[in-house]
Amino acid sequence: MLVELSIKDSGREQEMFIGRAIILFALVVILFATLVARMLTLQVVEHETYQLRADNNRTQIQTLAPSRGMIYDRNGRLLADNQTSFSLAVVAERVEDIEDLLSSIIKILSLDPQQVEKIRAELAKRSRTDAAVVILEALSEKQVSLLAVNRHRLPGIEVMSHLVRSYPMGSIAAHAVGSVRRLTKEDLQTVQPVQYRGSQFIGKRGVEAFYEKSLHGKVGYQKVETDAYGRVRRVLDVQGAQTGQNLILHLDSKLQAVSVDALDGRRGAVVALDPATGGVLAMVSQPSYDPNLFVSGISPSQFKEISNSIYVPLFNRAVNGQYAPGSTFKPVVGLAGISSSTTDWKETIDDKGWFKLSGQERVYRDWSWTKDDSGGQGEVNLNRAIYRSSNVYFYDLASRMEVNSLLSFARQFGFGRNLALDIPQASSGLLPTPEWKRKVKNQPWYPGDSVNLGIGQGDLLATPLQMAAVAATIANRGKVVRPKMLMSGDPSIDEMIGVDEPLQIVGISEEDWENMVDSMEDVVHRGGKGFRGNGTAWAYIGQNIGYRMAGKSGTSQVVEINQGEVYDEGKLSEFRRKHAWFIAFAPVDNPTIAVAVLVENGGGGSSVAAPVAKAVIDAHLAKDIARIR
Amino acid sequence: MSLDFQRSLPSYSSGAASSWYARIHVDPMLLLLITGVVLFGLVILSSAVDGNDALFYAQVRRMGLAYAALIIAAQLPPAIYLRWAPFIYLVGLGLLILVLVVGVKVKGSQRWIDIPGLFRFQPSELMKIAVPMAVAWYLQQRMLPPSLKHTLFSLLIIAVPAFLIGVEPDLGTSILVAGAGVAVLLLAGLSWRWIFGAFALIAAAAPLLWQFVLKDYQQQRILTLFDPQSDPLGAGWNIIQSTTAIGSGGVFGKGLYQGSQSYLDFLPEARTDFIVAVVGEELGFVGVAFLLTLYLLIIARGLFLAAQAGSTFGRLVAGALVMTFFIYLFVNIAMVSGILPVVGVPLPLVSYGGTSAITLMAGFGIIMSMRTHKAW
Chain A
34 MLVELSIKDS GREQEMFIGR AIILFALVVI LFATLVARML TLQVVEHETY QLRADNNRTQ
94 IQTLAPSRGM IYDRNGRLLA DNQTSFSLAV VAERVEDIED LLSSIIKILS LDPQQVEKIR
154 AELAKRSRTD AAVVILEALS EKQVSLLAVN RHRLPGIEVM SHLVRSYPMG SIAAHAVGSV
214 RRLTKEDLQT VQPVQYRGSQ FIGKRGVEAF YEKSLHGKVG YQKVETDAYG RVRRVLDVQG
274 AQTGQNLILH LDSKLQAVSV DALDGRRGAV VALDPATGGV LAMVSQPSYD PNLFVSGISP
334 SQFKEISNSI YVPLFNRAVN GQYAPGSTFK PVVGLAGISS STTDWKETID DKGWFKLSGQ
394 ERVYRDWSWT KDDSGGQGEV NLNRAIYRSS NVYFYDLASR MEVNSLLSFA RQFGFGRNLA
454 LDIPQASSGL LPTPEWKRKV KNQPWYPGDS VNLGIGQGDL LATPLQMAAV AATIANRGKV
514 VRPKMLMSGD PSIDEMIGVD EPLQIVGISE EDWENMVDSM EDVVHRGGKG FRGNGTAWAY
574 IGQNIGYRMA GKSGTSQVVE INQGEVYDEG KLSEFRRKHA WFIAFAPVDN PTIAVAVLVE
634 NGGGGSSVAA PVAKAVIDAH LAKDIARIR
Chain B
622 MSLDFQRSLP SYSSGAASSW YARIHVDPML LLLITGVVLF GLVILSSAVD GNDALFYAQV
682 RRMGLAYAAL IIAAQLPPAI YLRWAPFIYL VGLGLLILVL VVGVKVKGSQ RWIDIPGLFR
742 FQPSELMKIA VPMAVAWYLQ QRMLPPSLKH TLFSLLIIAV PAFLIGVEPD LGTSILVAGA
802 GVAVLLLAGL SWRWIFGAFA LIAAAAPLLW QFVLKDYQQQ RILTLFDPQS DPLGAGWNII
862 QSTTAIGSGG VFGKGLYQGS QSYLDFLPEA RTDFIVAVVG EELGFVGVAF LLTLYLLIIA
922 RGLFLAAQAG STFGRLVAGA LVMTFFIYLF VNIAMVSGIL PVVGVPLPLV SYGGTSAITL
982 MAGFGIIMSM RTHKAW
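Going down the list, the protein sequences come from chains A and B. Here the first sequence is numbered in the working numbering, starting from 34 and rising by one per residue. Here the second sequence is numbered in the working numbering, starting from 622 and rising by one per residue.
If you're looking for bench data, these hints aren't it; they were derived computationally from the structure. You may find that some hints are simply not true.
[What the hints assert, rightly or not] Selected chain B positions facing chain A (Cβ under 8 Å, derived; list incomplete): (1) S869; (2) F887; (3) I920.
Glycine included, C-beta positions come from ideal geometry on N, C-alpha and C.
Bound-form chain A, shown alone:
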């Protein structure tokens, strides 16, 4: 070692070091140049690419869901409004372990197994990993605060507040106002999907469905700066959403409530119209459902109960229930006879309680017919045929009329069509024609079909809404108005069809109209004249009445189960009973309300349906009088 040291030349070693240091420094300079070149590439040459990338990183476009327009009744009472609701959402992309997260959420919120199952179902439905999937809705305030406290432990969750539909009237106005439902993929094919980004609900029934476009409003956008975790740090630019249009309906929520009360739990429907405009003052179908259930999330068992009920609460009997109108059709047949000059107000027949077509064996009976043949109304003209509701008179009249002239006359009243302007889902009923019968039943039109048609039976079907329109048309002395829900004529409401020109029923003189109105007034007010002299409804509603009402009862036979609804065999006897009808309007000289009442399997029209109609009209007129005073 010492030997080595002795020959070590410190100077030479330093020289060599300097040489090597210079070479290494040159290498260092070259590598520095590489770094500079790299930086120049990134920051100068490709700067714009990276600038764009950084902007895309930090900015996002978010949609702002518009808040849905409110729905008011004619007196400014809320029928549908929006309330804040909190829901829990998960952004799958930001969750490390979904099972971990789920078990933490379940523990923190102490959820029951049923809710957990629902959450899993919602998670299974998700389609995008970067979008928030709502897994739990309608959180309570306590749940919201629990989630807020534990937020740091639950990466990827979001508590979102949003407005949800609320129906203050609940089941009372459900069928009139309709309801919204959660937006589905299928819905997006019927609307502009862009407008529904951020929307959770869509109008599915009633007014909510028909005026969807106006109620929904227009979607807005905001440009936000978000951090790497997707949290919004700043809002850069906002293009606000356009709130949906508010709607004012003809509906009178008090009258609506009175109508529900008057039906008193029985199955049926009440439709009240303003004869001057066709505005729907009340539209009730019982049993009903609570539309709020569909907003806050209905449990499968609840939904099953509602949709499987043999009383079909989701079915809107007022516009979709199609029933034989029975005797409520008689005023139309009578007027048809007048217009076709088949009869006049003086002509009488002898009503023995039964009717036979010449050369045929079949006997058509009156409702008053008895086994010992003691029934029958005796001498009957059109006036008496109306207030006594003589079947024989109308069998005879219909048998003598050209069937097509009767049908085309009835058609003017709206039979077989949907006259309503903004209730597209309303059924048209059925006005059977010889062509229809040949096509559908493959049978010719028999004279007996005309006979049955004369008393509103046979294949003829009408909805309560259609029968209310008939009452309104008679109240108007022939002016046909089209039923509508919307009152405000705001031109910005796209769905509102322009001016509807009222039609006039042709071939009936003013005098004829007054005679018919008088006859229907007799149905209610002609009393104290003995069994065969009183109006059919007098005994039930005519004795304690402070105004003049015109009406017509009907009791329709349930030959078959209508509407294609499947009813439980075991309950068949209940559903075989006759339907009770009553149509009415008041006050007679200046009608402000026209009503149709149907009580399913209720029995006699005068005894069951007429008191309901009276209660509704009483409430309406009492308010009218109060308003005038």
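Chain B: place on chain A using the hints.
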């Protein structure tokens, strides 16, 4: 001639004994350049901590400690380092073995020795200085340039700790330690033929290294380098976000505290390994160029001081420490800007964290010591 050269050099130990910096054995120019980088680093860190002032002040305190380490290291004469070099190396090796046995695992890597209630330290950090010192100690007794035998023994001195650190695993430090040791060999005049031969050998062995030495995640990092978009949310995320940050800074940057990539947490490790991306984003090319210039001047000054050290040992140690500093910054910036795979190497004197700053500053103290103490 060489003696004349030596004599012509200005000497801190004679003549200028009255100047304060000569008395405390520091080189004022190098200290000034280092302080420039430290201040620049603190300014950038003040942005990168994103309002977390406590972190900033913790770093200021650590830098104070680092300066103290520099001053202390500069006071120790080279003779002390020479005497202790082999012992420190052996103790370091012992600790490296210990760390693999009883070390504390942090983020999947066993690098720390924990002395409960007292402190926690990384033995590998010590080896950044101990390895070049040991190699220099070994070589300064031999004829230079080193013979094949001495070269191979030097490589053994380097390889054992580099391997032990590599299995912790801490690839970044392993590279730095190996680099420091190899730098000594290069500066000692290793034959060019062998250097190129070694390069050729490594190139030839690369496929084998790939197959048998590199772990899956290390392979992934290299693959990601060539195509970051292949795994944009996983391994590629860091590179995509750091290049985006740097590139979006442009020539003049978005302005201090204005970097959206770091402010909005897109940039991972913005305070530590990826802090140069914050420089690039907020201060632009101008800021990066300024920092690189400071670094280059530090290296130039460091090598200049090393060349003037009073002994072969001093020159080799000082020169190797300067090269370690260079490897540090080059690997870091090259990794962040996407030209080298991701390895955990901080940006010297700028990244948040105390350990590497203290080692680096002690290294500078040693460089100064080698130059400023009397020849021996």
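Comparing the hints with the structure gives:
Residue-level restraint check for B/S869 holds (minimum Cβ-Cβ distance to chain A is 4 Å; threshold 8 Å). Checking B/F887 against chain A: minimum C-beta separation of about 5 Å stays under 8 Å; hint holds. A distance limit of 8 Å between C-beta atoms decides the matter here; for B/I920 the minimum to chain A is near 6 Å, and the interface restraint holds.
The structure is consistent with each of the numbered hints, conforming to all of them.
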